[in-house]
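Q: Going line by line, the protein sequences match chains A and B. If you're matching positions, the first sequence starts at 1 in my numbering and goes up one per residue. If you're matching positions, the second sequence starts at 1 in my numbering and goes up one per residue.
Take these hints with a grain of salt, some might be off.
A pair counts as met if it fits within one copy or between any two copies, since identical chains are not told apart.
Dumping the calculated DSBU-like pairs for lysine-lysine here, alpha-carbon to alpha-carbon at most 30 Å [what the hints assert, rightly or not]:
| hint | residue 1 | residue 2 |
| --- | --- | --- |
| 1 | K416 | K495 |
| 2 | K357 | K127 |
| 3 | K261 | K412 |
| 4 | K472 | K52 |
It is worth saying that the hints were derived from the structure and are not from the lab. Since we're looking at a predicted model, the values are computed, not measured.
Protein chains: 2
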Amino acid sequence: MKRLGIIDIGSNSVRLVLVDINAQGHFKIFNEFKETVRLGETDSKGMLTAEKMQTALETLGMFKTICEAVRADEIVTAATAAVRRAPNKNEFLTLVYERLGLRIRVLSGEEEAYYAYCGVINSIDEKSGLIMDLGGGSTELVHFEDGVVKNSISLPFGAIDVTRMFDTSNSVSAATAQALRRFLFDELGKVNWLKDLKKNIPLIGVGGTIRNIGKIDKKSKDYPLDMAHYYIMDPSSVCSVYEQTKDRTLEQRIKIKGLSKDRADIFFGACAVVWHILEYCRIDRLVVSGSGLREGLVYDYIGSSYSPVGNMLDFSLNNIISQFNINRVHAYQVYKLASSMYVQLEELFGSSRECEKILKTAALLHDSGISINFYSHDSHAFYMILNSGINGLTHREILMSAYAASLHRNTKLKLKWKQYSQILSEDDIRTIMKISILLRLSESLDTCMDNFVEDIKCRVDGESVEMNPIAKKKPNVEISRAINTRHDFEQVFGKKLLIQ
Amino acid sequence: MKRLGIIDIGSNSVRLVLVDINAQGHFKIFNEFKETVRLGETDSKGMLTAEKMQTALETLGMFKTICEAVRADEIVTAATAAVRRAPNKNEFLTLVYERLGLRIRVLSGEEEAYYAYCGVINSIDEKSGLIMDLGGGSTELVHFEDGVVKNSISLPFGAIDVTRMFDTSNSVSAATAQALRRFLFDELGKVNWLKDLKKNIPLIGVGGTIRNIGKIDKKSKDYPLDMAHYYIMDPSSVCSVYEQTKDRTLEQRIKIKGLSKDRADIFFGACAVVWHILEYCRIDRLVVSGSGLREGLVYDYIGSSYSPVGNMLDFSLNNIISQFNINRVHAYQVYKLASSMYVQLEELFGSSRECEKILKTAALLHDSGISINFYSHDSHAFYMILNSGINGLTHREILMSAYAASLHRNTKLKLKWKQYSQILSEDDIRTIMKISILLRLSESLDTCMDNFVEDIKCRVDGESVEMNPIAKKKPNVEISRAINTRHDFEQVFGKKLLIQ
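Model the full assembly from the supplied sequences, consistent with the hints where possible.
A: The following block contains the structure:
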């Protein structure tokens, strides 16, 4: 195992993320610290001020102590725009090196964009998109198509700059808002490739402000999940957050539910950037990414030292399987059998095809709850799947996987789904039920957890479904347990189940 | 690590529990199987029937296959009353040994009582009590005082016998109920030591029926926790379950919420035994134990091969700490500091003293949620503590520990407590808040997770509380973080906080 400290010196905050990486290259964040240093609040010449440098030094000293205390094997320290742009950056770098022995890597705008891309592409399942990393002192834009970077740019202004230029930390007049919009449209106008973006790609937002926009929107909608990552908003919702902050004073802004105090002064400026980019590029959805620069640094580190991440969902699932000592052989056997049934019973899933990812997640993690407690482990699987930060699934897919897994022993919906009706439709519930029946059958067919059943042949025959488990010897025990599912099978699929 | 299969051949069901025991003697149940074989339904001469023996043999064969498939290092097979009493038990034992190579250990009534006692005494924090293990074919009673067994007896009838003798599987007339009551009072009257039981000791019930009584009661009261173990009922609630099953037919009984179908026929007879023992001994509460014979066999195995369990709460907490790779040094440091503050600030806790166990649990497990996800790990700690099956705490104590831990970073009650108002009072909530403040302070004082602060001196001085951390060097970082808690401290304790 390798223990890594990642320090990210931004224009707004300085952060430390502590990460354990295991032999397979799976990683786990186990602590995080943030100090709002505001290094980006430079003097009129753009110089880092002595005061801010001192605060940053103290924070870095504390972070170094923490890294040493937890016995980190390596500390990766990266600085972005605030340091990059400062004419006196060398003074700061020397100070930090001499006092603390920390070598700060100053990222170029291109590198900053690249790491944000790494953070996103390994955690959000979108083939194409425009990534925006909105920092305090710069804004990175990366356009990728079919997983390949097409263009990227680092715009030399961020939330702090915009706030200062247009004095937006307090209530903003219509004229100022208009001027800010014009400025942004002008700046975006200089980026030629932005004009040729295809429609229907999402804006994938990285950074504290964007998570904050998501949070405000979720609060206002009583969104039932406490997940920042992969939250999706339509432009009008972003506009509404923009509008409701515009007229308010700083004091009033602080009271907005979900808006973090540390950020209240620069929030409107940042929000304006997000909203106007959506407008300018005529993009139809904002995807909030909880994973960005810091995670990108981790993925890059893993990729260079271990085998690359590959499929992000598989990576996440295997990460969880190894972390919680889930019986991998049994998990994959249940997945294999359920998947085989799913393919053969295609017609019974009707319009609810495209559930491969849900089936895989639910099957591989159906026993994940055992790590909390064997008793009620089906309910615990629900909690685990919902909360363990699986990458590559939308909130709806996570929720469906969690429900399906929670029903792998009993087809009674103990967990009331109405509270999730913003996310799940009645159709989704029917699909969940169907998947869960396949899990129960597969679980029964691996009662002895010994891969005894090699495959299963399924055939829809009028009003019934015939299943024939294939094994070296007739799997009597397994069949007798599987057959207990027949009543629920009939209820869910509307067909009789025959197992021979 | 040792992997153990425990097979329990009861009169009603045959069960397999799979357990992993680590080097420290901590164990975890990772799978369980149950088949309702009803070996106790013997013929008129009390002989095990050929049919039941055959079913038992098949079940045992399946269990053995499962044990082999999961590579159990050892299989412990124990049989209770049904086999013990049967004149033809040797036929059965020989059959099983010849066919499967399994040697069944037939427990005497005393041994059966002893193992139930082991299961209870290691998981329920009661100094004295009357344990009742109500099986299909016998009923064990164990009286212990200050942790020492005073008397025990194995009564030669269980749920199946009573059901047969009085034909109670369907609705029961008043006369039959009266006859059953008279029979039980007569039998209990023969046990001399039962007459001398002190008042105020609980009846601690072990076995499926008793868990079932608890479940029915919880359903009827909309009890907010899904925990069988350590659920406490007053006699009138047991009586009410008894009364509501008495008149009903088998069909109607099956529909009672919480009553398991497998047990519906013998449930009334069993329930009558529980109720009449409560009546006869004039006991004022029934404590449901989820831990009994099988767990007792595990504890006994551990005790003979590893160091003994000792304090059950410590054992549970250390079990969880090692299972989830919680930073043990940091956890114990937070506990040490919080505990020191708690002792010194006694007067501020007023009537809510006696929270040592809650403080310990919350402090040691405050970071347990990180194993699920670092983000929102305070909320995950709530779930973990509530669900990981900690022994030695009542439901109220578990809930209070969970809440206190969930507030270790922020004193805002995100998790609504009104749903738990059956269990928690407003006073309890105030205590939770106070404990959580101590946790936050201790967490801050161990920011670098390096045990830098050795102790803390606290003094209540009129309207303020002074705290002085003791360390080799002045802990500036730690103090500056701890001081952030002052507003919440003042709100919760009604005193100003000064840290120097």
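Q: Any hints from earlier that this structure breaks? Give me their numbers in increasing order, please.
A: none
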